[in-house]
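**Student:** Sequences listed follow chains A and B, in order. Numbers 1 to 160, taken from this note's numbering, label the letters of the first sequence in order. Numbers 161 to 630, taken from this note's numbering, label the letters of the second sequence in order.
Don't take each hint at face value.
DSSO-like mimics (lysine-lysine), calculated; alpha carbons at most 30 Å apart, straight line [as the list claims (entries may be wrong)]: (1) A/K128 <-> B/K198; (2) B/K173 <-> A/K159; (3) B/K173 <-> A/K156; (4) B/K459 <-> B/K486; (5) B/K577 <-> B/K269; (6) B/K287 <-> B/K262; (7) B/K628 <-> B/K342; (8) A/K32 <-> B/K541; (9) B/K541 <-> A/K128; (10) A/K128 <-> B/K522; (11) B/K446 <-> A/K32; (12) A/K35 <-> B/K534; (13) B/K262 <-> B/K392; (14) A/K35 <-> B/K541; (15) B/K541 <-> A/K48; (16) B/K393 <-> B/K420; (17) B/K198 <-> A/K35; (18) A/K32 <-> B/K198; (19) B/K592 <-> B/K289.
Everything labelled a hint here was simulated from the structure, so no lab data went into it.
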Amino acid sequence: MKETRLSTFQWITLVTLRMLIGWHFLYEGLAKLLKGNWSAYGFLMESKWIFADYFHALAGNANVLAVVNTLNIWGLILIGLGLIMGLFTRVAAGGGILLILLYYLCNPPFVGLFYSIPMEGHYIFVNKNLVELGALLVLIAIPSQQYAGLDRILYKLVKK
Amino acid sequence: MNEEEKSKSPGGKIDRRDFLQGLAGLPVIGAFALAALKQESYRRAARARKAAAAEGGEAPAELRIALLGVGAQGSVLLNSMLKIPGLRFQAVCDIWTEYNLKRAGNLLKKYGHEAALYEDYREMLDKEKGLDAVVIATPDFWHADHAVACLQAGLHVYCEKEMSNTLEGARRMVLAARESGKLLQIGHQRRSNPRYIFCRDLLLEQLQLIGRPVTAFGQWNRSAAPDLGWPKKYEIPASQLRRYGYDSMAQFCNWRWYRKLGGGPIVDLGSHQIDIFSWFLGVNPKSVQASGGIDYYDKSTHEWYDTVLATYEYETPAGMVRAHYKTQTTNGSLGYFEQFMGDQGTLVISESAGMGSVYREKANAPSWDEFVRKGYLTEPKLVEVKAESESDSLDVRETISPDEHRIALQFNDPYHKPHLENFFGAVRGSGKLNCPAEVGYESAVAVLKVNEAIEARKTLDFRPEEFKII
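Isolated chain A, as found in the complex:
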C-alpha cells in the first residue's frame, strides 16, 4: 500500500472531519434508538421523483419497514462509531455514502419538488446530505485512519 504524504496539520484536519461526521451519524442513530418508536415511515412516504414508488413500497409493508428501521438505526450507529474510532474506516465511509445516497434519492431537493416536512434551510439540487456525502468521498480518497484511528494499529497487526 502506497504511503500518503501529508503534513501533520493536513492529517489532523482530515481526522477532525471524519470525527465530526462520525459524531453526526452516531447521534442520529442513537437518538432514533432511544426514542423507541421511531420509524422512517413519514420520511419514506414523503418520497418524490422517480424512486418514489420504491420508497413508498418500503413504507407500505410493515415487516419490510421494521427491517428498514432497524438497518437504518444500527447502520448509523456502527458507521458513526467506525468513523470516530477510525475502525474499518473505508467500509464505514462507504456505508455512510450508501445511506446518505438513499436519503438524498428519497427526497431529492430538485427544481419543482415541494415537501411538507419542514427543512431548516433552502436547497436546490445540493443539500447538506449531499455535502456530507462529498466529505465521505474525501475520506475514502485520503486514508486519515493511517494517521489516527484503530485501523492504524490493525494495519500493523495484520501485516506483521
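With chain A's structure known, arrange chain B on it following the hints.
**Tutor:** Only chain B this time, still in chain A's reference frame:
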C-alpha cells in the same frame, strides 16, 4: 523515510505513537457519551412527567351513588363514572322514564349494577337508604330544588353547572350545603383537569411564564344546528311534563333556550370559560359589558341570545386585565379555547386535547430552555420566518413571530372524570373539593350578569360583596 513515515509503514512494531494515535477516537466517544446521556436525561424527565399523569390508584371503599337526570349530560357523567373504581350505582331518576331512564338502567345493568329506577326524585330520596352521594344533571332551573333536597336528606351532591339559572337558587344551594355539612361540588370540570391545573399552578403562578397578564380571551363557537327532536313513541304525556315545569316536549328537549329553564349559550358554554378567567387571574371581575341577541334562530322557540360578546375587567394584584368572551352558535370554526396574554408570553388552553400551547415573546421573555429540559414544555415548533408580501423581504419593524411550545402534559381521560374523582375523593375524606358551592356561586354571579348587561345596554359593576354569601 523520516521517523513518522517509518511508523506508518506495515510490519513495524506497534509503538507508543501508534497506540496514542490509534485510540484518538476514544476521548471523542467519551465526550459524545456525556452529551448523549445528559440529553437523554432531559427526555426521560419529560416522559416521566407524562406518565405521572396517567398513573392509577388503589381500590377504595365502595360509595353508593344515585343519578338524578340522565339526559345528554347525565350520560356523559355516567360514562365517566363507569371508568372510576369503587362506585355502586344504586338508583337512577329521570322524568323521561320510557327513554332516558330505561337507557341508563340498561347501561348500568351491562356493567353489573342493579339500580332502582324512579321518575320522582322525592320518592327516590324517601325510599333509597344508605346512599352516599347524588350526581345531579337535570336542567338548570331544577338544580336548586334537587340539590337542596338531596343535601337535606344527608347526601353529598355533585351538581352540574350552571349552579342555577337564578342567583336566588344558587344562594339556597350554598346555604343548604353549609347547614347540612355535606359536600356540594359544582360541575366546572376544568378546575380538576390536570392540564388546566398544570397551566395555572405551574406555568402562570410559579413560573410566571407569561409575565404580567394584560388581556384574556375565550370563545366557544358552535355550528348552527336544528332544534333537538325526540322519538314520537316515547313522548312524555303533557300532564306529566307540566308537573315538572315544561310546556311541551319540544321545550323539554330544548330547555337550554328558554328563559325560565336555562340561561342560554352564555351560561351553557360561557360559564365554563368565564370561570377559568376568574380562576386563572385569581380575582372576581370588577365589571362587565356585553352585546348579544337572538340574531339567527326563531325567536318564538329561542328566548336566549344565540350570539354573545362580553368584556370583563379584572383588577388583579399585577394590574388591570381585560377579558373578552365570545360565544356563537352559528359557526363552529376555531372551536373553543381560552387565551391569556402577558408581556412575556401567551397561553392558549382548551379542554380539547388538540390545543394547549404557550408562545414566548422573544423581545421580552427570558429563555424557556430550562422548562423544556424539565419536561414542562415541548421544544419550540419549527416556524419558517417568511415575508408575506411580494417584495420577499422581511420588514424590520415587524415583530418576529413568537416560539410556540406545546404544553408537555397530556390528558386522555374523559373530560369530567378528574372532577368526579375529586368529588368522590372528598366524599371519602381525602382532599378538598376543587369547585365547592361558594366557588360555583362566584362563577354564577360573574356569568349571569352578562345577560343583565345585554338587556341594560351598559357597563355593569360588580360589588365585591355580591360574590359572597353571609
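**Student:** Which of the numbered hints above does this structure break?
**Tutor:** 11
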